[in-house]
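Going line by line, the protein sequences match chains D and V.
Note that numbering that gives the first Met the number 0 gives residue 601 to position 602 of the first sequence, counting from 1, and the numbers run on in steps of one.
Note that numbering that gives the first Met the number 0 gives residue 153 to position 154 of the second sequence, counting from 1, and the numbers run on in steps of one.
It is possible that part of the hints are untrue.
A partial selection of chain D residues facing chain V, derived with a Cβ cut-off under 7 Å [stated by the list, open to error]:
{"no.": "1", "residue": "33"}
{"no.": "2", "residue": "35"}
{"no.": "3", "residue": "38"}
{"no.": "4", "residue": "44"}
{"no.": "5", "residue": "45"}
{"no.": "6", "residue": "47"}
{"no.": "7", "residue": "49"}
{"no.": "8", "residue": "601"}
{"no.": "9", "residue": "898"}
{"no.": "10", "residue": "900"}
{"no.": "11", "residue": "901"}
Okay, the calculated beta carbon distance ranges per label pair [said to hold, decoys possible]:
{"no.": "12", "chain 1": "D", "residue 1": "879", "chain 2": "V", "residue 2": "63", "range": "57 to 67 Å"}
{"no.": "13", "chain 1": "V", "residue 1": "57", "chain 2": "D", "residue 2": "673", "range": "30 to 40 Å"}
{"no.": "14", "chain 1": "V", "residue 1": "78", "chain 2": "D", "residue 2": "673", "range": "37 to 47 Å"}
{"no.": "15", "chain 1": "D", "residue 1": "684", "chain 2": "V", "residue 2": "124", "range": "53 to 63 Å"}
{"no.": "16", "chain 1": "V", "residue 1": "124", "chain 2": "D", "residue 2": "719", "range": "51 to 61 Å"}
{"no.": "17", "chain 1": "D", "residue 1": "706", "chain 2": "V", "residue 2": "124", "range": "35 to 45 Å"}
No lab work stands behind these hints: they were computed from the structure.
Even for Gly, the Cβ is constructed at its ideal location relative to N, Cα and C.
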Amino acid sequence: MIIGPVGFAAPLLLLALAALPLLWFLLRAVPPAPMRRRFPAVTLLLGLRDKDNVADRTPWWLLLIRILAVAAVIVGLAGPVLNPRQDGQGGASKPLLIVLDDTWASARDWSAQNLLINDLLAAAIRDSRKAAVASLSKFEDPVFQTAGEWQSWLAGRSPRPWHFAMNQVDDLPILSQDKEIEIRWMSDGLAHAGRVGLLDRFEEYGDVEIHESPLPVIALAPAKIADGGVEIHALRSYGGSLLEIEVEAYGLDPAGLPAILAKVVMEFASGETEATAVLSIPSELRARLTRLEIVGQSHAGAVSLIDDSLKRREVALVSGLENREGLELLSPLHYLEQALEPSADIINGSLEDVLPANPDVVVLADKADLPDSERESLLEWVDSGGLLLRFAGPKLAASDFSRFEEDPLMPVKLRAGGRSVGGAMSWGQPRSLSPFSEESPFFGLSIPDDVTVTAQVLAQPGPELSRRVIARLADGTPLATRKRIGSGQVVLFHVTASAEWSSLPLSGLFVQMLERLAVSTGDALLAPELLAGTVWKPISVLDGFGRLRNAENLPGVDGGTLLENRTGPDLSPGMYEGPDQRFALNVISSDTELAPMTWPDRVTVRGFERSPSTPLGGWLLAGALLLLLADIAATLALSGRLFPLRATVAAVAMALFVPANEMRAQDMPANAITDLVLAHVLTGDEELDNIAYYGLLSLGQTLHYRTSVEPDNPVGINIETDDLNVYPMLYWPISEHQPLPSEEAYSKLNHYMRTGGLILFDTRIAPQPGYTSHGSAFHRRGNLMDTLGENLDIPKLQEIPDDHVITRSFYLLQDFPGRNNGPVWVEAGPENAERIEGMPFRNLNDNVTPVVVGGNDWAAAWAMDPYGNPMYPVGRGQTGERQREIALRFGVNLVMHVLTGNYKSDQVHVPALLERLGQ
Amino acid sequence: MNAGATLRGRAEAEASRLPPLFIRADQLSGTFLLGEHGRRRAGIGDDFWQYRPAAPGDEHRNIDWRRSARSDMQYVRQLELKIARNILIWMDGGSSMRFSSHMTFPEKIDRARLLSLAVAILLNRAGERVGLMGMDLPPKCGETQLARISVALEQMEETEYGGPPVEHMPANGSALFISDFLGSTESVRDALATAAAKGVWGVMLQLLDPAEEAFPYRGRTLFESVGGSYAHETANAYDLQNRYLERLAERKAELKSLCAAAGWQYGCFHTTQNARSMLLWLYRAIEGAHRE
């Protein structure tokens, strides 16, 4: 059902709206429930009457909120959709067929196309139409089923990385239905063979509507080597206005990781469909290129994989004879250099110099045995894939090398001396070559008549020989032999590399043979007749979006089909590996042409844009939820519960009465912020904590009576969890039962001490002079104190000096007893502190000592029960009471020291101040 | 066994409750430096008051010979008169006192107990005799009396709103009433009339919760007294605020005029106010009542 721009999936539900007025009456009658409150002054309220009874009934605006909420729920559940797709003329009943080109060129419009298809399918669901989707790149019979099935199928789909595969109209076996169908064709915009025929075919079944992007397809043709650089060709499907594209060249960086090695900007001139640019990069980099890609075009046509054809091989020429100045033409390597120079990079040098450069080919001309070290490294290099190319010569013929036993670096055993034919002293004619056999890599090369051989080294016959020969003379003696070693090979030409022994190096055949051996590059190896029957294994393949994927277990491909460049369902573009080399199969081959599709006038062609049909149900339900929340707030407000009463009372109290000292911080006794609170560390030993508590309580009372310091009740704190910062001083009775603090607690304590806090450590056992092994408890606590000291940031300590500020911060004291009277340590003063003439004290620390350490069991000496009686005895008789009094005085001095710092020390300046005042 | 354990547990809980109240009251009163306690006239006492020239009729043994030896005249050493006065404290133990409108506020009864005991301690220290009205604790001095008082203060009454008792009013003594005075004013009127008749001077301290002072309520509310015996429902509490405040002001004015008529002192405080300032006011008021 459709009302204006809004359609409903379940219009019957809207009937429920009729019940809304009923709700109005129901809700209207029920007033909000009252809030019950305790209130002693209710006696003053008795007899007061309410002025009006408005709140007895639900106010109209609250009713409106609720009714709107219910209405929103009803309409939301009815499945409203804004702009539901209504397709043209009565298409609503016809089945829908969506035809997809699905080629690599579709990848650029992929998301738009998918959204459009989704919309079409969603509309089909709404109208209960059957639907089918057919891909023309991999055609299967379209199956008409519910559109929902196709929606899920759509999600896992990706474009095919090949060309349009439907070129036979007759392949189209569709639709034996007699009903009309509606056809939507998602075109990729390229003119493919057979398109028009297909269109005719489809039109037999119903109207066809084409969706096609108006933008040109841009693709990259395979790169070629030209003028020392890489020539890049880009194509577009029709010449539009001026267009610049950027091409990125990917390859392996020196660390072997994929990276962008170069970028080049190309320009399609206005109206042109082709653009060319030359990427000039060093051959080192060129050898590492793996692919070229147009930036921003995510389809397989914009990616061009690069195989060996762009590489220049590195050939190391190692000559047996050196220092032969001026005899260039006689150099055994001269002809090789001439033959290789156009297509390979040549390295000259001795073997140990060239091997670290890891060349592709090493040429040894007329070189016999090698030193052991060179031999081993050469063998290793060959084994890992190198090609060792050897030429015979007088020196090799004269040596005993590989004579009695086959050398690993020689393909065959050699006979002594070699032979000459056709010379002045011999009977025979110079020999010519016999045609290459089928197994030979040179098969198919035509042999010029003038190639003759006058001298050669001869192989010793053996069972292996016939397999290793790849070229022979007319008399059957080997001209070239080959042996595989590991993944590399050794090839021996039984003649010299110069023209001394044969005219082979002078002929074009020589160059071709080198190419066939992959000594130099060229497309000689990709001759179709050579590739037929070989199996090429895919290494990585491109998907439709131009992303490289690992070709995990795709089957191998016949070399012949590979060369035909016909990508399709059975042949994905990608990198293939065949015998001795790689082949890059790209979507765009060098002869591909991109032409735009021109559709006949009778069909409608549209873009992929859509008028989005927006389901409104979710919004409406969310709105209903918001309305209900507003209703809750309003109801609470009506019954006075919107703001919690307690908060209101507290706020009023704060405002009314100034000294409201009930402020609370989190997890902290309320008084710790407003008042001074002495604190002790909870040890977990209940009795000890009790002593500490009462000790500090008693100290607090003493302070209260004697000084202007009026501490509140002391608290026990847990150093792991509590905030220490509000306490000026911590009393820490050391107990061997207390678990050691955690790392966090240590850092908290360190921070506490650094920021001016003081910790009074009390081991509660004083070392007795001359009786050091006082018992295990003493040592255990001593060890514990050591452990604490290692982790805490405790400064250098000294026994309290006579002139320390603690000795005079309130009372004048010279010892600091608790129940024991042992030494007490504080932070050591500066070493250079000196007593100035006329001053009573040295100029000592400028701050509060962070720790006071002793074993005098002060808390026990301080502790008094609530009736003012001391809880623990100190000393004996009157002397003991005196000691208790001194202990309390020490406590007072300590708290004063914490609170006033070095205030009393500043008295040393009094004489100077008086003098300045003119007294 | 079980019953014994509960009894013991209750007894211990009860006993452990006492010291904190005592300590708090003690600490509170410890902050006061007592001023003059004497009657400022010659009489029977411990402290020296003055030397006066001996007059005919003075007994010889009264002559202070040490002083007289320094001059030609004879002097009699007079001591300052010290009389202990009887002071009775009445603290409202009704359930309406067990109210606090916020978890961080003390209950009214809590404050009342603290103040009563602190005053008792102060007065005891000043040598006066203190007793509790309505608890059968006649005025006495000494620590034992304080202990009895602190125990007796813990007791609660069953009634919703307490009123001061008229019996046991000591002639020519002083009295201290602490309550929220939210109940009927009849008993207050009677008590004050009796007190005036017996020549009792006193102080009346009204303790209110901030919520009772401000009436910060809104919306539809059912107000119930703490004991539950009174209730009032309103559709819009906010609407009642002004009229409630008027009534409260009337109540205060009535109490004040009653006090003025009987020559008593009246003060109104809130539970969130500083206990020390309340105690200071209370002590000064009682001192003043003494000196009348």
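Quick rundown of the hints versus the structure:
1. 33: OK, holds: residue 33/D within 7 Å of chain V, min 4 Å.
2. 35: At about 5 Å, which falls below the 7 Å cut-off, the nearest Cβ of chain V leaves the hint on residue 35/D intact, so it holds.
3. 38: holds, 4 Å
4. 44: holds, 4 Å
5. 45: Cβ of residue 45/D sits 6 Å from chain V, so the hint holds.
6. 47: holds, 6 Å
7. 49: Constraint on residue 49/D satisfied, holds at 5 Å.
8. 601: This interface hint is violated because 75 Å lies over the 7 Å limit.
9. 898: violated, 19 Å
10. 900: violated, 27 Å
11. 901: Interface hint status for residue 901/D: violated (30 Å vs cutoff 7 Å).
12. 879/D / 63/V: 57 to 67 Å: violated, 42 Å
13. 57/V / 673/D: 30 to 40 Å: Given a distance of about 59 Å, which is not inside 30 to 40 Å, the answer is violated.
14. 78/V / 673/D: 37 to 47 Å: Given a distance of about 46 Å, which is inside 37 to 47 Å, the answer is holds.
15. 684/D / 124/V: 53 to 63 Å: violated, 38 Å
16. 124/V / 719/D: 51 to 61 Å: violated, 44 Å
17. 706/D / 124/V: 35 to 45 Å: Once the Cβ atoms are compared, 21 Å apart, the range 35 to 45 Å for residue 124/V and residue 706/D is violated.
This entry does not satisfy hints 8, 9, 10, 11, 12, 13, 15, 16 and 17, going by the numbered hints stated previously.
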